[in-house]
Amino acid sequence: MSAFLDFGPDAVLLAGLTGDNWRLKDYVARGGYEALKKILSERTAPEQVLAEIKLSALRGRGGAGFPTGMKWGFMPHNAPEKYVICNADEGEPGTFKDRDILRFNPHAVIEGMAIAAYVMGCGRGYNYIHGEIWEVYERCEEALAEARASGFIGSRILGSPFSFELFNHHGFGAYICGEETALLESIEGKKGQSRYKPPFPANVGLYGKPTTVNNVETLACVPLIVKNGGQWFLDLGRPNAGGTKIFSVSGDVERPGNYELRLGAPFAKLLEMAGGVRGGRRLKAVIPGGSSSPVLPGAVMMETCLDYDSIAKAGSMMGSGAVIVMDETRCMVRCLQRLSEFYHEESCGQCAPCREGTGWLAHIMHRIEHGEGRPGDIETLDRVAHNIMGRTVCALGDAAALPVRSFVKHFRDEFVYHVEHRRCQVADHV
Amino acid sequence: MTMPLSVTVCQKIDQAIAKYPAGREQSAVMAALTIVQSERGWLSPESLRDVAAYLNMPPVAVYEVASFYSMYHLKPVGRYVLTLCTNLPCLLQGADKAARHLQEALNIGWSETTADGMFTLLQGECMGACQEAPVLLTNHHRMCCKMTPPQIDALLAQLRAEAAGKERDE
Ligand SMILES: Cc1cc2nc3c(=O)[nH]c(=O)nc-3n(C[C@H](O)[C@H](O)[C@H](O)COP(=O)(O)O)c2cc1C
Ligand code: SF4
Ligand code: FES
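So the sequences go chain by chain: A and B.
Under my numbering, read the first sequence as residues 5 to 434, first letter to last.
Under my numbering, read the second sequence as residues 8 to 177, first letter to last.
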């Protein structure tokens, strides 16, 4: 393990982490569990904690960016059985921040979940961990055992009347289980197929009981907000989106990795932190928020700041904060083809527009990429993508369609060239 | 012929069951399948029936789960299942080279098993570790990072030596 991990000078979530200091004693030495201790010893009213979360303008880091305080406020007050779930099923291509939070600072998530449970009155929680990161699951099991042994999790926590049981649940290979209702089905021991909404999980969730699902990074912010105040967190970011954000930078950069920046920082700064485009080549395209967000031309991205509104204005989404960088040598047809294959593979198959549509997209992209494209294919791609959108049970359908529409929109020439010349326009193939 | 679940397997499944509220044993089905697969290498129809009986679930419900999640094997596989992530971020960081190298070194394609039954090669989706691309999993449990061709050669040699060592012990 490297002795020093550099996540950037603005890091608060990942500050001071070395890779070796993940244990409870290290977390406590960094001021960990103070927030939980404080609210339990002072018997702070849950509404008061919720008010701080609302003031912080923390928005969900799992992709949709929904205000966390508002989401917690949807939970009914007097239900006897309620659940809080941590979504650690990180499978959105390009996203690798939750893995670093969990392996380098697992107690921040445990403390965040305990505080969330206190505010919403949940007696039990689960951390649903991505199947492919078994070693991280094992670390989470160890950290949880430490937290239990020290009385931070369990019955009558730190001598207060508050009890909270927490468990890790290990997934086993299904991207769709990152969608919160598919995740709940999966914990119930079923195949991960998304549920119709409404009812929303806040009313009918795990085992039919009120449930809130939050992303790892969202929950890791909670102890910091409680400890330093909602205003402090708000001031780190934008007026309608407080805090820092961890950006997972991958693809054609010198130093792929996680970088934590204040919301609203310029993309150019992030690119510089990641060492710039690999080999000094020119920036061609960027997918700013995970594979489900629309691709943007590099020039547009260089003028964009990294916050929800700015990225939306540029024509894409903050999503999970996974920034995939592509340089001038990359073939956009090949890139989209691989993504289309992914969505087809991962569709849970219960709604026809998604099941059939992702199949068509993958099929057409495969033939264009392999020099067998036909006249009209590009229009068909756009039409199929259009027909998926808004017609499915969950957002995977839109997630499959948005990349297609944006790749075709911004890089149409390359697609046309592929169809007309039956080969790639770009010299150095992916 | 049905082999009963071993004592250690039953103990591990019981630990998983204890994580869920009373009456929600079905929630432990994913863990149970993982545990049985780790011991037996793959999930035969008998194994699925064993898990169903242990958790008091209809066998078809267990089958549905086992066939839905990509990391369960319903057919025999090699001693070592190697899953290489080939999603876009890994592809941009050398997964294509790693894929070619693996296929040539093992002389098999995706979803195939070497003639000696040692390796099965699978194409994987994003494993949430793209900063360390190309990423490869062995038997779904151990993550190997930055898998350049020399790294791949070293891994294959190490796994072959490990297998030979175990055979000597047996
Ligand atoms: C196909 C699909 C995959 C998703 N994958 C994830 C994921 O891996 N992690 C995650 O936190 N949220 C994921 N989400 C979003 C969740 O449904 C949910 O909105 C989120 O966990 C809520 O947490 P937050 O409010 O803290 O962001 C996914 C959504 C969809 C439609
Ligand atoms: S949109 Fe796709 S993934 Fe989502 S529920 Fe429908 S078929 Fe399943
Ligand atoms: S794309 Fe390979 S680990 Fe993410």
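Mixed in with the good hints, there may be bad ones.
Ranges of calculated distance between the beta carbons of each label pair, as one might list FRET restraints [what the hints assert, rightly or not]:
id	chain 1	residue 1	chain 2	residue 2	range
1	B	ALA29	A	ALA356	36 to 42 Å
2	B	ARG149	A	ALA399	30 to 36 Å
3	B	LYS153	A	PRO243	38 to 44 Å
4	B	ARG149	A	SER154	38 to 44 Å
A partial selection of chain B residues facing chain A, derived with a Cβ cut-off under 7 Å [unchecked claim]:
id	residue
5	PHE75
6	SER77
7	MET134
8	CYS152
No lab work stands behind these hints, which were simulated from the structure alone.
Since the structure is predicted, the reported quantities are computational estimates derived from the model, not experimental observations.
Every residue gets a Cβ at the ideal spot worked out from N, C-alpha and C, and that includes glycine.
Checklist entry - Do B/ARG149 and A/ALA399 keep their Cβ atoms within the hinted range of 30 to 36 Å? => result holds (32 Å)
Checklist entry - At the C-beta level, are B/ARG149 and A/SER154 separated by a distance inside 38 to 44 Å? => result violated (30 Å)
Item to check | Hint status (Cβ of B/SER77 to nearest Cβ of chain A, threshold 7 Å) | outcome: holds (4 Å)
Next on the checklist: Take the shortest C-beta to C-beta distance between B/MET134 and chain A; is it under 7 Å?
Outcome noted: holds (4 Å)
Checklist entry - Holds or violated: 36 to 42 Å for the Cβ distance of B/ALA29 and A/ALA356? => result At 39 Å between Cβs, range holds.
Checklist entry - Does the Cβ-Cβ separation between B/LYS153 and A/PRO243 fall within 38 to 44 Å? => result About 41 Å separates the Cβ atoms of B/LYS153 and A/PRO243, which means 38 to 44 Å holds.
Next on the checklist: Tell me if the interface restraint on B/CYS152 is satisfied: Cβ within less than 7 Å of some Cβ in chain A.
Outcome noted: This interface hint is violated because 11 Å lies over the 7 Å limit.
Checklist entry - When the nearest CB of chain A is found for B/PHE75, is that gap smaller than 7 Å? => result The hint holds - B/PHE75 has a Cβ within 7 Å of chain A, the shortest such distance being about 4 Å.
Hint violations for this structure: numbers 4 and 8, all remaining hints satisfied.
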